[in-house]
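Chemist: Protein chains in written order, with our numbering: chain A, 1 to 242; chain B, 1 to 378.
You may find that some hints are simply not true.
Derived SDA-like pairs (lysine to any residue); straight-line CA-CA distance at most 20 Å [said to hold, decoys possible]:
id : chain 1 : residue 1 : chain 2 : residue 2
1  : B       : K150      : B       : R177
2  : B       : K270      : A       : E155
3  : B       : K51       : B       : Y309
4  : B       : K270      : A       : H111
5  : B       : K23       : A       : T114
Derived from the structure by calculation, the hints contain no laboratory data.
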Amino acid sequence: MIELIEVSKNFNAGRANQFTAVDRVSCSIGLGEVTILKGPSGSGKTTLLTLIGCMARPTSGRILLHGIGKGCLPGSPVDDSIEITSLPERFLTGIRRGTFGFIFQHFNLVHGITVLENVMLPAYPTGESVPELRHRARELLELFSVSRHAAARIEQLSGGEMQRVAIARALINDPAVIIADEPTAHLDSKLSCEFMEIIGGFKGQGKSVLIASHDPIVYDTALADAVIEMRDGRIIGAGTSP
Amino acid sequence: MNRRIERHRNILDFAISSLLRRKGKNLSLLAVYAFIVFIIASIVFFTQALKREATLLLEGAPDLVVQRMVAGRHDPIPITYGDKIAAIRGVSAVSPRLWGYYYDPFTGANFTLVASDDDPPAKESIYIGSGVARIMRLTTGVHWSLRGAKGTPAVFSVQKILPGNSELVASDLIQIREDDFRALFDFPLGRATDLAVVVGNKVEVPTIAAKISRQFPDTRPILKSEMLRTYDSVFDWRGGMVLVILSVAVLSFVLFAWDKATALSAEERKEIGILKSIGWETGDVLLLKSFEGMVISLTAYLVGVSVAYLHVFFFSASLFEHALKGWSVLYPRFGLTPVIDPYQLCVLFFLTVGPYTVATIVPSWLAATVDPDAAMRS
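Make a model of the complete structure from these sequences and hints.
Modeler: In structure tokens, the structure reads:
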């Protein structure tokens, strides 16, 4: 379980343009479930995702990982909970790399290199051998039906294909939690439905999925175990699938 | 340990792939960088090799040369001085030398004339160096008229052209009989240009020089070590002059490299953000950027030094020979023996590879320390 206790995030503290993106948010996200963060632009969904995904630290509050992130910290017991809010950057990176897989709104793929290299990229610093990595990356590309583009440069792909490559990249380190920020923002309805099918596959494998979206195809899906509605940095409603 | 090595290998592979993605920028940088290393390395190799040649040349030189001075100017020395110097304890041998310069107004060249008792040419014949043969278009058996001191022409037959392997020493040399030398220059009998002194115990050379100075106040003894020092200074000075002239180019390169290395493009900044967001640590990004810097600077260093080696030792430093060799119109043609000074190569390495690598890391470090969530918002 991922537990958030009174988590706040302020930007530009002490300046005239200071604002609170996330305001005293408390909630629990179950493991093996699909959780949707729903809300309009500027409601704090993306900021909350970055805090949970160890990309940024909250200004106040605590975030606890129960039963995930094991082995990412040296000497941590298997069943121990990890409070990620107080960890130094090095450990946060370790948890981010081993526990979370990210799918970005703009895909954030590196241009100029091949599809295969893009998928392998998150695992380079782990020290895994290139042949093993390549094998795993090819399997993932096969799984998402883009293996024929393995040697192509990323900019030669269509939006839907880029999305699939970004998903394959998110899975290269076999993370327990998939975090997706507005994943269908650049996809048409057909591709959005295909994306949700892939999410169903993750759920079937027991992975936790956390999606921030204001697309009805995403937040009205039957796959969602919980929908958290946000506005102005606060949770205004939470419930199970509609 | 294996994972560590693999990590470095993976990041190095990605660094090379990143450099190849920006071929235009990196190849132009590499070309200018390698060119500067090539120029500096050529000068270093060339002056080192010339200094070594000069040292080898002077190994056969006498321990002391005694010249007579009149009013601070060099004047022919009485040969009788030689007998008295030979009597000084510790002196093994004294031999008078006859040599001088001959200026040819048509070619503007200065030739060195030496009268030698060792295998002298026939009467009214000369041996000439290959440089003389080249510039005067002379071959064996041809007659050459030199203008004597009294204005009368003296005709000599070219008996032999000295072998090319002695060109550094003999390029501008004309070897002549003693009596022909005296007749040509109207050089007085009983006098020599200078005296060559051989000393048995080399440690005693300064003491003997001091004794000669005391005994013959009108003379100036020149030690072999002084001649060596002069050669060293001359070649260092020439190398330094070329470097000063090229310093504008070097400075331009430094500014160019600094600009290229320190300015991260928006695309590079975005990439660093992506790498951090997908799980790269700041240290991984720095390793990547330092590998990129090292690949560029190390390649430039190796290419520059290798091309400089070929340029100096296989093509006789054709780009700089006029600045670094000789001072007359008569340039000797000779192949230099390859000499590499590890100390100078190390200095060159640290002055080129080090600063560039550091220059690439600083801006990357600044970019890599931002929170990875910046990529989420891009």
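Chemist: Measure nothing beyond the straight line between the CA atoms of K270 (chain B) and H111 (chain A); if it is 20 Å or shorter, mark the hint as holding.
Modeler: holds, 11 Å
Chemist: Does the structure keep K270 (chain B) and E155 (chain A) at a Cα separation of 20 Å or less?
Modeler: holds, 16 Å
Chemist: Check the hint pairing K23 (chain B) with T114 (chain A) against an upper bound of 20 Å on the C-alpha distance.
Modeler: Cα-Cα ~16 Å, so holds.
Chemist: For a C-alpha distance cap of 20 Å, please report whether K51 (chain B) and Y309 (chain B) respect it.
Modeler: holds, 16 Å
Chemist: For the pair supplied as a hint, K150 (chain B) and R177 (chain B), confirm whether the alpha-carbon distance does not exceed 20 Å.
Modeler: holds, 19 Å
Figure legend: structure checked against the earlier numbered hints; every hint is met.
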